[in-house]
Every structure is written in structure tokens, then in C-alpha cells.
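**Q** Position chain L relative to chain Y; hints supplied.
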Amino acid sequence: MSSDTAILDDFTNRQYKYGFVSNVEAESAPPGLNEDIIRFISAKKNEPEWLLDWRLKAYKKWLEMEEPEWAFINYPPIDYQSTIYYSAPKKKAEKKSLEEVDPELLKTYEKLGIPLNEQKALAGVAVDAVFDSVSVVTTYKKQLEEHGIIFCSFSEAVQNHPELIKKYLGSVVPYTDNFFATLNSAVFTDGSFVYIPPGVRCPLELSTYFRINAQNTGQFERTLIVADKGSYVSYMEGCTAPMRDENQLHAAVVELVALEGAQIKYSTIQNWYPGDKEGKGGIYNFVTKRGICAEANAKISWTQVETGSAITWKYPSCILKGDNSVGEFYSVALTNNRQQADTGTKMIHIGKNTKSTIVSKGISAGEGQNAYRGMVKMMKSADGARNFSQCDSMLIGDKCGAHTFPYIEVMNPTGKVEHEASTSKIGEDQIFYCNQRGIPTEDAVSMLVHGFCKEIFKELPMEFAVEARQLLAVSLEGSVG
Amino acid sequence: MVNLGWSNMALLEIKNLHARVENKEILKGFSLTINEGEIHAIMGPNGSGKSTLANVLSGREGYEITEGSVTYMGKDLLEMDPEVRAQEGVFLAFQYPVELPGVVGSYFLRTALNAVREHRGLPALKLKEFDELLKQKAKLLQLDESLLKRSVNEGFSGGEKKRNEIFQMALLNPNLCLLDETDSGLDIDALQIVSQGVNTLKKEDPKKSFLVITHYQRLLNYIVPDHVHVMVNGKIVKSGGKELALELEKQGYSIFRENENRA
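So the sequence lines, in the order shown, correspond to chains Y and L.
The numbering of the first sequence is the working numbering, which starts it at 1 and goes up by one.
The numbering of the second sequence is the working numbering, which starts it at 1001 and goes up by one.
If we strip away everything but chain L, and leave its shape as in the complex, we get:
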């Protein structure tokens, strides 16, 4: 965990966030506080704004913030460029990791890690030091090192792509990990491996915080959350402990929808 002069505050504080895409409001007063070391899960039906939340937090273009604030380690997150957010320790594991043809994995990671290190006032890692770190993390997460010699995500299977995301997370050592539908498209074996990876990281550094976005409860069998939030129509409609996820599994989201005036 890297301390950038911040203390005694929530790691992430989202207040009354409103965001729109092409004049359509998607987030409609979303609020959430995540403290150091907590695992939060956000569950919700399709179209509830879950992925928009991940995109807004990580700084993807095309979203207009109309109201509200996001404070990360005491700083205004929304003011930061996407690469600065990453350098400050916000990591997004993508739902659909893109392919980068011709860009070799290990080279990509070294460039990324050194950009992050530079931001944090650390010297760039030498090739040899980096290789050792890479080996060590690959071993920790049981990642086949040959994947890192290939172009990033090119020709990877769905499971390989997701494992690669978790591997990148391990290497870049963020404070806040956003997992956007990491379970989508994974069979049960791959799901277990990815979840194990997350749990390993959490065990190594209990101060890491996670925001796990998912449609299904099954991921939460493996990554056990401290808090579960139900998101419907752009905001949180109910929060609870891990048992809430099981409740949802039984009842579905319809009960929450009844109170909503969905278009």
C-alpha cells in the first residue's frame, strides 16, 4: 500500500454522483464510501449503471458528470487524467480487456510499472529487477509466463484475459481495485482461479480495497465481500452484508424494480 500523504479518511468517497452519456442520465445520485481494506460488491440488473460507474471512476471518455463528487485519498478523483488515477493506485480490471497487437506483455507491463513508479517518486526498475518481480508475481498467481511473451491479450482465451488482468493488478500494486464483471464469460474453473488470485493479493496486503461489480452472486462465493450493495436505475437501493447477495439470488432484482419508474 502506498501512502501519498493521506490518512484518517475514507479511501474512496462517492457523493450524490450524477453522470450522463449523450444526454441520457445513467448515474442518478450514486453514493458510496469505501474504507481501507474493505471489499464491496455491487450487484444489479443489466442497465442499472454498474459498468458506467467503473468507467466514470477510471476516467474513460464520453461521460459527463453533472453533479456530485468523488474523493479518493482526500483528492478530487474526477479532476485527474485516467493515467494519473492509475498512477495514484486506482486499478480497473476490465470486463472486456482489449488486444494490443504487437505490444509484448512484459514490455507493456514494464512501461506501465515504471510510469506508476515515476509518479510515486521511485526510480525505474532495471530490466533484471523487473524480470525477477515478474517471475515472482507469476509464481504467486500461478500464471503461465509464456503469456507475457505474447502480444497483450492477443489470441488469449476469455479465462487467460481475465487472469492477465489480475496479474497486472498484482504487479502494479494498486490501493483500490475495481473489478468490472470479472466473472462474465468465465467457466467455473476459470472463475475459481481468478478469485484465488484476488484472494491471494488481499492476503498479501490486507489494506487493499476492492469494488467488485457483478451481475451474478456466484463470484461472491469465492470473493467474500464485507458489504453488498444493490444498484438499480443509477443508484444504490439497498445495502447489507454478504447475506444480501444470497437473498438476491433467491428473489432476483424484481422486488427492487417495483419501486422504480423505469423508462
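Isolated chain Y (complex conformation):
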């Protein structure tokens, strides 16, 4: 058995290739959280009074809340007073074009494989880059404006479209929602804002790239996407962070609003630094993502590939309020070494004939722990609602774990819920079969894992699907025997 064990060990020695630190001069708030810090952030961003009030209300609420303990994850207590809540690259000031962006920053994104230079950028993808707490640059803005599409940093939206922000901010995830979302509401620094006007099909894939660089800094971004009647948008989100020995907190909030007949497709590739082999360092990814199909025939689709972070705690959810609205959740979550993930979704059926689909694929390797937690709730009003859930787990090696926690609440007798679950293990005989055809063990594992995830990858936009495949291969390196 020795050779395979050796391969397994090798696998876990993988390198996190985004672990570099950029040398960018930053302006940071002192560590700690109090009303002054919140005022400082709000003032830095030149925010209107109502937004500062909203933040302060959230902060007061947060002080009364307790950190949730129900998730299947384990971590030492977080010292919220040692975290830095605001850090911004210094040179930026009022950035108007790419020429004004710190070249060191552009280099960083270049290294990450995210070209911000529009000529070089992938055709058909507009990018908003968020570095630590601020949006650095948004590409293809002009072209989008011609269609009436707003795609900008959250801070800019507060300045230029306050009426939209005021109307929708907190409308899906209220500031009272949960410990981490409430913390985010108090201290969020930037993020992306998207508005698609009625009847417009967004001609580009919109994408935000998040990067945590500064030390001891939390990243609290806020994304708000509003798709007006009959519009369509596909949005992608990617994230990386340097390798650091201490844990860093990432508590983001994403709110999606789909009006009548609108469609939002939201794809995530999450590759925050997962910590080292022994579980030292890594990002705590405690994120609240929720969308509402506010009116009839709307559709929201979440697709996520979660390979990074020391701990992932997130449940992208859909509130299916409009009649005939559709919610989808497609997920691949991979945990290797000491990574932990407690992830899943909530589908809340309120409108008539609402439909939801959940396909979750959990892969555990090394000593990784992977939990699926999903809720399907059909309210009294949800006549003829339907759900299909499929949760598959794959185990690689014998030190990892997979757990499934489905919650089903049906209050309407016409509701239909189907749930399928399976657990499989990559068997030595499968690997040997591949070996015997000349395929080395690592390639065999990667092939079997891809086979397992295929249903999810086909939901991803093209550019992302390729990245997801590569990422999975890297994340699995050295994990099997």
C-alpha cells in the first residue's frame, strides 16, 4: 500500500499559487470595531447620512447577537477587535481610467490571470476588481452604459445611484439577518453593484474579482444585483488571497433581486487561501448570499465551485415569491487537508407553481470535512410547488468526512419534494484500473472527480468552466491513495 500512500502525501503538499503578497501602499483604519471606525469608513466613502445610520443600526444589533454555533465546523474564537475593517491601496484617489491605477495593482491582477486592460481582456467579460476594501477598476463600463446597464463599485453606486441603493440595500438580506451579515452591514467597504434595465439582455458576462492583500484585514464586501422586468444577466465572482499564517475573515453579503420574468445567473469560483497542510492560516469564508424572485416568472440560478478557504460557511438561497418563479443551486465543494465546509442552500417557496432544483456535489479528501445543509420550505401559499434535490458526496481516502443535513418543511399538501442522496468513495480498484491503462494516479483521481462534477461544470459560463477544472485538479493534488 506504500506507493499510493506516498502519492497521497505528495498530493497534500500542493502549492497555493495565488499566495503572493503585493507591495502596495495601503491606508488602513486602526484595528478594532466601534462606532468611530464605522463613522470613519462612512466618511472615507463620503456616504449620505441615511447609510451611516443604517450601518450604526446594524452595529448596535450586532452587539446584541451571538456568533452562531450550529454549523458543522470548528474554529477558535475570532477576536473581532484585532481585525482591521478598512484598508485601501493609497494611490487610488479618484480613479477614472486604467492609467490612473497603481501599476503594482495591475501587475497583481495580471499575476492572477485577470487582465484589466480592456484590449487584453477576455472578449465578452466585464470585470470589477476589488482589492482589499475598494474597487480598483471596472472594465467595459462605456459599452455597458449604452445599454443602460449599471455595473460599478458599490461606493460609486452610493454616490451616483442613491435611489436604487436606498430601495434595494437590505431588501433581501436585512441588516438584522444573522451575525455575519449584520457585521457586514455595519462595516462593509465595497463590492459591486449591477442594475439591468427592463427587457435588456446583458451582452457581456459581468465579473468581480476579489483579492484580500493586507494583513489582519477582514474583507466585507457587499454585492447587489437588480434585474428589472424581463432582463437577463450572468455574473461571475472569483476570489484569492495571499498565504498568511493567521486566519483572515471574509464576511460578504450578496443580494439578488429578480423582477418579473428576469433571470440572474450567479457563478462563483471561490479559491481563497485554504491554509496549509496542518490547518494553519486560511480564510474564514462566512458569507450570506440570497436572491429573491420578487415577481412572477423570475429565475435565479446559483452555481458555485468552492475549493478554497479554511472554513466555508455559506448557503446561497432563493426566495421564490413570484408565481412560477424558479430557483436553482448547483454546487461543487471540495475540502482537502484540514479544510471544513458547511454549505448548501435554502429554497423558500412562497408563490404558486414555484420550482427549485438543488444539485450538490461534495468532495472530501485528506482530513477535510464537508457538510451539505439544505432547506426546502414550501409555504401555505405555494400551491403546486416542486423541488428536486440531489446531494452526492465523494470521499477520497479514509480520514475525511461527508455529512448531509437536509431540512424539509412543506405546509401545502400540493407540494412535491424529491430528495436523492449518494455517497461514493474513489476505490483503489478504480484507480488501479486507470493505472493499468497507463494513467498515473493523480490524473486518475482528477478524471474521476471531474466525472463526478460534470453536471455542475456544464452550468458554468465557458471561461469559468475551464478555470474550475484546473482549480479542482490543483486543489486535489496529492490527495489520494
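The hints are all genuine.
For each label pair, taking beta carbons as the anchor points, the in silico distance ranges come out as:
| hint | chain 1 | residue 1 | chain 2 | residue 2 | range |
| --- | --- | --- | --- | --- | --- |
| 1 | Y | 280 | L | 1015 | 48 to 54 Å |
| 2 | Y | 425 | L | 1065 | 23 to 29 Å |
| 3 | L | 1146 | Y | 466 | 26 to 32 Å |
| 4 | Y | 409 | L | 1159 | 44 to 50 Å |
| 5 | L | 1064 | Y | 66 | 54 to 60 Å |
| 6 | L | 1118 | Y | 30 | 53 to 59 Å |
| 7 | Y | 466 | L | 1126 | 15 to 21 Å |
| 8 | L | 1129 | Y | 409 | 54 to 60 Å |
If you want the footprint, here are the derived chain Y segments under chain L, 3+ residues with CB under 8 Å:
| hint | region |
| --- | --- |
| 9 | 418-430 |
| 10 | 438-446 |
It is worth saying that the hints were derived from the structure and are not from the lab.
Think of the CB as a built atom: it goes at the ideal place given N, C-alpha and C, for glycine as much as any other residue.
**A** Coordinates of chain L only, in the frame set by chain Y:
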């Protein structure tokens, strides 16, 4: 046939091989020489160590070699990782081919073939070239191409699985083909088709060598061996020509067992 700098030697030389599984000795001094182009059959009762032999030769984990040597094309086979043995041209047609859910057959084969080609210093085949090769081999072996669009072995019938093994053999073009109880679980029609496949490959490349492991004589009606060996209790107790198989069919293995002190 790929020549990797080896010549004038036996293709495979097994000398006094002893192997154990969890402290139980299974192979107890097994010796056999296979030359280029020869077909050898190993017959024996259940528990005689036939499948262990196939597993040890192909490098499956869990076997401890305590004594003896295996030389393949002048190299120490036992030193090689399983994938290297495959790349060097040792192919095992499995008794129970496993299912690989989600892994499409043609993709699997292309990955395998390119790994083998890379080892042999050949460039990877482009998708189009590979497709043509696939078509050509499927035609040669009368394999339904739609099988290759499905996940490897998933939901295949027993016969389809075995045919798929022979098809993979044709595509990867090995020097030494080990057939482990290829006849088990096959009805007579499937048996004929699989045997025809083997014979077609042999005809195409007479230098290919085969080691056919079987419990029953009937497979040897279709794949005619040059040498037949009787294996009992971990070693060869008798060798002969193809007529030995017929003899065995009549007499059974009991005659060989009488001289053995089986536990």
C-alpha cells in the same frame, strides 16, 4: 509492437516467484517464460493462484513478493509502478472491469493512449487523429461506437464489459496481453466475439504475446494456445501443448491435487 531497446531475450521471464497476501503465501515458486508471439494458457482450479499471478504482474497493491524475479523485455518488472508497466506494454484484461461513473469512454481512452504515447516518446494524438483511430479499431473489432460515448463500463452487460476490455487492448497496442478469466460470466456468443477480437489482434500483429488465464477449457477452443500450463497451489505442475487442455477437460484437476498437500 514497440521495441524499447530490447532484443534476443524472452519477452517475459518469471523465475521462482513467491508472493503473499496478508501473510498467506499464494505463489510458491512460480516460473514461466514467454517469448515474443507466443500464446500461453494457464489453467487451474479455484484458489490455485491464477488471479494473484495476473495481479502481481500488473502491479496491483496488497501483494508482497518474498522471493523470485520477473523480467520483462530485459527490465525488472516488479520495480515498475503499475502505470509504467502499462506504458511499457503490459495489458491486463480484467476479470471484473470496474465502472468509472462520469468518465466518458472515449475521453478515458484518449487520456490512456496519450499517457502511453508520451512514455514511448510519441506526440499526443490530436482529437481528430484519435477519433479516426477509434473508428478504425471499433470497426476492426465490430464494437458498437455508442459504448464509447457512455461512462466507462457503467451499466454495461457482462459481454459489453469484456468486449470493451479487448477494445482497449487493441487501442493501446501492448506487447504482452494478460487475460484474467476473460470467459467468466460470458455466454457462448459473447465468448466467441471476445475470442474473435483477440484472434484479430493476433493476426494483425503476430508478435503480440498472450497469457490467457482460465478455469475452463472452452475458451481455448477459440483462442488456440501454443503452450498450456496447469497451475495448482501456487506453481506450475505440468506444461504441454494445446492437447493438455483437452486432457484436463476429461480428467479434471484432481489428478494433480493428489500430489499436493493442500491446507
